[in-house]
Structure formats: structure tokens, C-alpha cells
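Between the sequences and the hints, there should be enough to build the whole structure, so can you do that?
Chains as they are written, first to last, in my numbering: chain A, 1 to 432; chain B, 1 to 241.
There could be a bad hint or two in this list.
Derived CB-CB ranges, DEER-like [claimed, not checked]:
id, chain 1, residue 1, chain 2, residue 2, range
1, B, 183, A, 401, 52 to 62 Å
2, A, 427, B, 57, 37 to 47 Å
3, B, 26, A, 195, 52 to 62 Å
4, A, 80, B, 111, 52 to 62 Å
5, A, 5, B, 57, 20 to 30 Å
6, B, 118, A, 49, 36 to 46 Å
7, B, 36, A, 55, 43 to 53 Å
Mimicking DSS-like on lysine-lysine, the simulated pairs with C-alpha atoms at most 30 Å apart in a straight line are [as the list claims (entries may be wrong)]:
id, chain 1, residue 1, chain 2, residue 2
8, B, 154, B, 109
9, A, 108, A, 164
10, B, 109, B, 127
11, B, 72, B, 13
12, B, 3, A, 108
13, B, 213, A, 108
14, B, 154, B, 72
15, B, 110, B, 130
16, A, 409, A, 386
17, B, 213, A, 40
18, B, 154, B, 3
19, B, 197, A, 108
20, B, 197, B, 154
21, B, 110, B, 127
22, B, 18, A, 40
No lab work stands behind these hints: they were computed from the structure. Ideal placement from N, C-alpha and C gives every residue a C-beta, glycine not left out.
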Amino acid sequence: MYWQQALECMPREDLEQLQLERLQATLYRLGTHVPFYRRKLREARVNYEAVTSLAALRGLPFTTKEDLHGNYPYGLFAVPLRDVVRIHSTSGGAGMTTVVGYTRNDIKNWSDLVARILRGAGVTAEDVVQIAYDYGIFTGGLGLHYGAERLGASVIPISSGNIKRQIRIMRDFKTTALVCTPSHALKIADVMMDMGLNSNELSLRYGVFGAEPWSEAMRREIGERLGIVATDNYGLAEIMGPGVAGECRECNGLHINEDHFLVEVLHPETLEPVAAGEIGELVITTLTKEAFPIIRYRTRDLARLLPEPCPCGRTLSRMSRILGRSDDMLIIRGVNVFPAQIEAVLADINGTGSPYLIIVDRENHEDKLTVMVEVTELLFSDQIRKQSALADTIQDRLVTDLGIQVQVKLVEEKTLETIDSKGQKVIDNRRL
Amino acid sequence: MLKIRNLEAGYGKLRVLKNISMHVSGGEIVAIIGANGAGKTTLLATIAGLIRATSGEIGFLGADISRLAAAKIPGRGCVMVPEGRQVFASMTVADNLILGGHALSRQNKKDLNRLLDHQYELFPILKERKSQLAGTLSGGEQQMLAMGRALMSKPSLVMMDEPSTGLAPLIVRDIFQVIVRLRAEGNTVLLVEQNAKAALAIADRGYVLETGKVIIQGPAEDLLANKDVQRAYLGREKLEE
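Below, the structure written as C-alpha cells:
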């Protein structure tokens, strides 16, 4: 169940020593090899040769998407281009293209870290792994591919597109593990239904999903419709690609590969660490990357750390699934509210995560938060009393979890589409 | 076993080691490589207590030994095989070895003989020459004697300073084979070497020192594949072009 047991189950004290050694070497390399960081560290008055603890990380400057874009294409590489054996890129939206490079050692480490995640999800060298990520400049396809080969599995590089063919191959080649985005897995389930194909006709046992946010409700749905155990994994090209963190068979959060990455959870506004177990923005520092090391990268991804040890025996700490983006944060009466928190409450109450819409108004100089929740079949009840009891339950939970007054309105199915066809989850009428 | 954090040391006002952090786990061969003057020998001498650390910690088997007198450190199980062997030239090979066994702990005769036999088995040439004066041995034989002498105290950690210096390539190969065998027998070795290629070929992990700082660390195979290390220490660049 482990790929590199000595590292995945290392005593925390030894792990911290290793992290410090690697942080010091990384800072030294950035300070001497990357002019951008040399300048940035000098401006922050940080002597990169004198960092003596992991806690000192907090005094180091952040790296943002804008920094990466500003150094397009190769400005942040810490090795000459001739040492780079692979180049990936992210679109990153809003024209923020970034370029990342990998040395031979980077590719080897990356493969090992992805192999860890596959192994943790249950996949072994005996498995037939079908990778339905887009193969190309995006890190998902090749990242998972190299990891699966490293593990010794039989890899089918099916890539994305032509779902019917994917399903036929899955059936005929006796694929046992499906690797793709969770939404693609659901699409496969839909097409299988159209084709009149039952999951019993497949040999599928594992689903290793990532590259987009999903929910427990989706996990259950995928699990039931494809007859597999679905696990979550997390990564981003700026840091490495897939392989940053992944779930084990306990399915209770993602183990962070902390011997290669330092992960902080910070309040997106104050940039101070949140209290243990609170939701915040993931800020990641690489510890072993040769070509593209990066310090305190602001991922804008929201998650929380899960402090309890995991029964699987790994000592690597766990984080929750990605709960949203810090860009989505709302400030209502001075309180930070993330749509992800509301989503979590809804999923908790009815288990499916009904469609919802958050409306923020300002009346008499006071912010007002209304959450409209669609009443789907699952929630539907012909008794008005039951309906209003449900609205009260949701409202009470939201008030408790968010710490502010919330108005909950139940609306009929498909109503929200007509209010907001763009699929936004928030309408802010405050004109701030 | 050995855990060093933020170690600083030097000679007078000259700061040689700057903020060194490194560790050695039980059963490992860890190589420290770097150019002349990078601080490799100073690092070993500081661990051995011959040079006082100005700051930082040297944890050895759970205790900080950075303030301990040099004479106390071998007794804790951390012994050094110095560069240039430094065997007792006017004593026989056997006496040199027995001295190594005696110096640290009073072991009974039976244990001592068993240890002695073990060294003779590791280094058959020493058995052949056991009655010879150490000063008459060749360089390679003296290196083996120095290693055997250190091992006679059954140390937890053996530190070797440039064991390949001044030896013919064939002898270097023999010596490195013995180091590999030491690991197989459960020993832990911290190896300082200028011959980076040979050292990394047998090591589990390595640290590259440059002007008193660790610039790269990692599994030995990763260091061998690292282009910076290749350019600076392995002389492989030319072959590729």
C-alpha cells in the first residue's frame, strides 16, 4: 500500500530535519541562480543563507501567478535550458500563461510522487491503468502516465475524447484503474448508460481523480455508477503537476508529499496562518525541484489541514479536498464567507449538494446574505411543514458555520438557471 | 543517528562552515563531496570535536555533542579515520589494531580477538603483515590499517576523511568495496571524498558542499544525474559534447 514506505511513514522529527535541509538548499539555489528571487529576497531583507528553521518560512516573500507571468517564459528557471528535459505550460486564464521546466531528476521525483498516489489509491503493478487526461502541454496526462509506468502498471494512454471508444477499450482491455477528472468519469457513466453497458461488464476497480474540484456527493455517485473506489488527488503545474497530495484507501483527505513540498494554510486576506484545521489558502514551497523551484506560491486554492493521524500509517499530514478558490471569497459584515462553506453544509444536510445561489444585498448600509437552494426530488416534500423545517435546518447550520445571519429560501427545481444562466454561484448586488 | 542543524564553525575569524544542516541515518553510507577548501574536512573535524562549533547543534544518538571534548566523542561511538592514515609507524600492524580496540573501552580478551579476526577477514593483507611494523606498509595498506583500527572499537558511526587520497585506482576500488561491506554488516559511514564519482557510486545519499554551504543534497543517484554536480565534480560534461 506504500510506494516509498520509508519516506511516507517517516517519523515527523526526521521529516522536519529533511525539510529544513532541503529548504536551505532550495533557498541557496534560488538566491544564487534566479535573479528574480535574489532581488525579491533582498527586498524582503531575507538572508537566504541564514534561514535556520522551518518557521522562518513565514518571513519569506510570496510568489504569485503574476510573478510567474512576469517572468514568462523562462525567467524563473534555476538551471540552464540545456539541463531541462521537459517543458509544460498552464493557460491559467486571463492570459496568464506560465511555463514550467523539469530536469531529469525532476521527472524522476515527479514519477515517484505520482506512483505514491496511485499506490495509495490501491493501484499496483498488476493493474491496467487507463489515463483519460488530455495528453499534451497540460501536466495531467504525462504526469500520471510517467507515475503509472514507474509503478509498473500496464498503461493505456487513451487521452481525452471519443468516449465511446474509451469505454470499448476499457471493456476489451480489461482496464482496472481509471485516471481522469471526476466530471469525465461521470460522463463515461452517462455514455455507458446510453450504450446500454453495465459497470459489471467492466473490470474496473479503482478511480483516481483530480485536476478539478469535486465533492463527496460526486464521489458517491461515481462509486455507485462505475462500481469503483474513487480517490482524490491534488496538484498544480506551477508546483509540479499531479503528485502534490493524494488520498489513500481511507478516503479521508489527501496526504501531502511533505518531503517534497511545504504546505502552509493562510488566511487569504491577512496572509497569517489560520488556526489548526481552519479553511484557508494553500501556499506551497517546493523542496526538491531543480529546474523550477518556487517559494510560497499562492495557489488561491482553499482547503483545510486535517490534524488527526491517518489509520493508514503514513505520517504525511492530510488536507481536505479543495473547497474553493480564494478569489471567490466574500466579505459580509466583515466576516469572510466562502461559497465552499455553504456548499459543504448543503452536501452535509441532503447528501447531494443541491444547486444554490448566494445573493448579497446591502439594505440600510447593512449586508444581507440570502442563499437560494433548489428543492430537488431528494428534498421534495409535499408537506409545507416539512419544507419549512428543512429551510430552518439549513439556515441554522449556515448561521452556526458562517457566524453571520443568513436567510435561506427554497425554490423549485431549475429556477436558479433562469435567474442566472451563467452558472455563477454568487450575485453581489452591493456595488462595492 | 547523526543530526546536524545550522552548524557554524571556522578557524579564528574565518567562518568555514555556514549554516550546515545534514543527517546520517543508521545503516547508511552518506557522502560529502565538494572541491578543495569547500569545508569537508572542517565539517568532520567539527563533528569529531577537534574544532569547536561557533553555533548550531550536532545531535549524535540523541545527545548534543557539539560542546563535548574531542577525547570524549569516540567513546560515544563516533570515530574518525583521518586523512593520511596516521597509523603508529613504529608499532606492528597487530598492535595498532589492538590499540584501537583498547583505547575506548576495556573489552575482554575474547571479544578483542574476535574483533581482530574480523578485521583480518575484512583486510586479508593485514593478516599477512600482522607482525610487520606499520611504517613499512604501502599507502593502501596503511589506509586499511587505519580503517581496521577504527572498527576495533565497534563504533556506531565511522567517519572517513578522503580514504582515496594518494592511492592507485585499483586500491581505491578495494577500499570502497570494504566500505560497502561495512554497510552490509550494519555499520554507518560518513564519507568525505574528493573523488565524487567513486563516493556517490557507493553512497546512499550525498551532500555537496561549496564554500561552506550545502548547495545540493539528495539520494546519491540523483546527485550523479544532477548537471551541476556533473559539471563541477564528475567531469562528464566533455564526454557528452
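Results of checking the hints against the structure:
For residue 183 of chain B and residue 401 of chain A, the hinted distance range of 52 to 62 Å is satisfied, since their beta carbons lie about 55 Å from each other. Evaluation of the 37 to 47 Å hint for residue 427 of chain A and residue 57 of chain B yields a failure: the beta carbon distance comes to about 57 Å. The beta-carbon spacing between residue 26 of chain B and residue 195 of chain A, approximately 57 Å, falls within the hinted interval of 52 to 62 Å. For the pair residue 80 of chain A and residue 111 of chain B, the beta carbons lie near 56 Å from each other, so the given range of 52 to 62 Å is met.
Roughly 28 Å separates the CB atoms of residue 5 of chain A and residue 57 of chain B, a value that falls within the hinted 20 to 30 Å. Between residue 118 of chain B and residue 49 of chain A the CB atoms are about 44 Å apart, so this pair conforms to the stated range of 36 to 46 Å. Our hint of 43 to 53 Å for residue 36 of chain B and residue 55 of chain A is violated, since their Cβ atoms are close to 36 Å apart. Taken as a hint, the residue 154 of chain B and residue 109 of chain B pair is honoured in the structure, with Cα atoms around 15 Å apart against an allowance of 30 Å.
Pair hint residue 108 of chain A plus residue 164 of chain A does not hold up; C-alpha atoms about 34 Å apart against a cutoff of 30 Å. Among the hinted pairs, residue 109 of chain B with residue 127 of chain B is consistent with the structure: their alpha-carbon atoms are about 18 Å apart, no more than 30 Å. Proposed proximity of residue 72 of chain B and residue 13 of chain B is supported: the alpha carbons are some 26 Å apart, at most 30 Å. Among the hinted pairs, residue 3 of chain B with residue 108 of chain A is consistent with the structure: their alpha-carbon atoms are about 27 Å apart, no more than 30 Å.
Of the supplied pair hints, the one linking residue 213 of chain B and residue 108 of chain A holds, its CA atoms being roughly 25 Å apart against a limit of 30 Å. Taking the CA atoms of residue 154 of chain B and residue 72 of chain B, the gap is near 15 Å; set against the 30 Å cutoff, the hint holds. About 18 Å separates the Cα atoms of residue 110 of chain B and residue 130 of chain B, which keeps this hinted pair within 30 Å; it holds. Restraint check: the Cα-Cα separation between residue 409 of chain A and residue 386 of chain A comes to about 14 Å, which is no more than 30 Å; the hinted pair holds.
The straight-line distance between the Cα atoms of residue 213 of chain B and residue 40 of chain A is roughly 21 Å, inside the 30 Å bound, and the hint therefore holds. Using a Cα cut-off of 30 Å, the hinted pair residue 154 of chain B and residue 3 of chain B holds, with the two alpha carbons roughly 20 Å apart. For the suggested pair residue 197 of chain B and residue 108 of chain A, the alpha carbons sit about 20 Å apart, so the restraint of at most 30 Å is met. With a C-alpha separation of about 28 Å, the suggested pair residue 197 of chain B and residue 154 of chain B falls inside the 30 Å cut-off, and the hint holds.
With a C-alpha separation of about 18 Å, the suggested pairing of residue 110 of chain B with residue 127 of chain B holds against the 30 Å cut-off. With a C-alpha separation of about 22 Å, the suggested pairing of residue 18 of chain B with residue 40 of chain A holds against the 30 Å cut-off.
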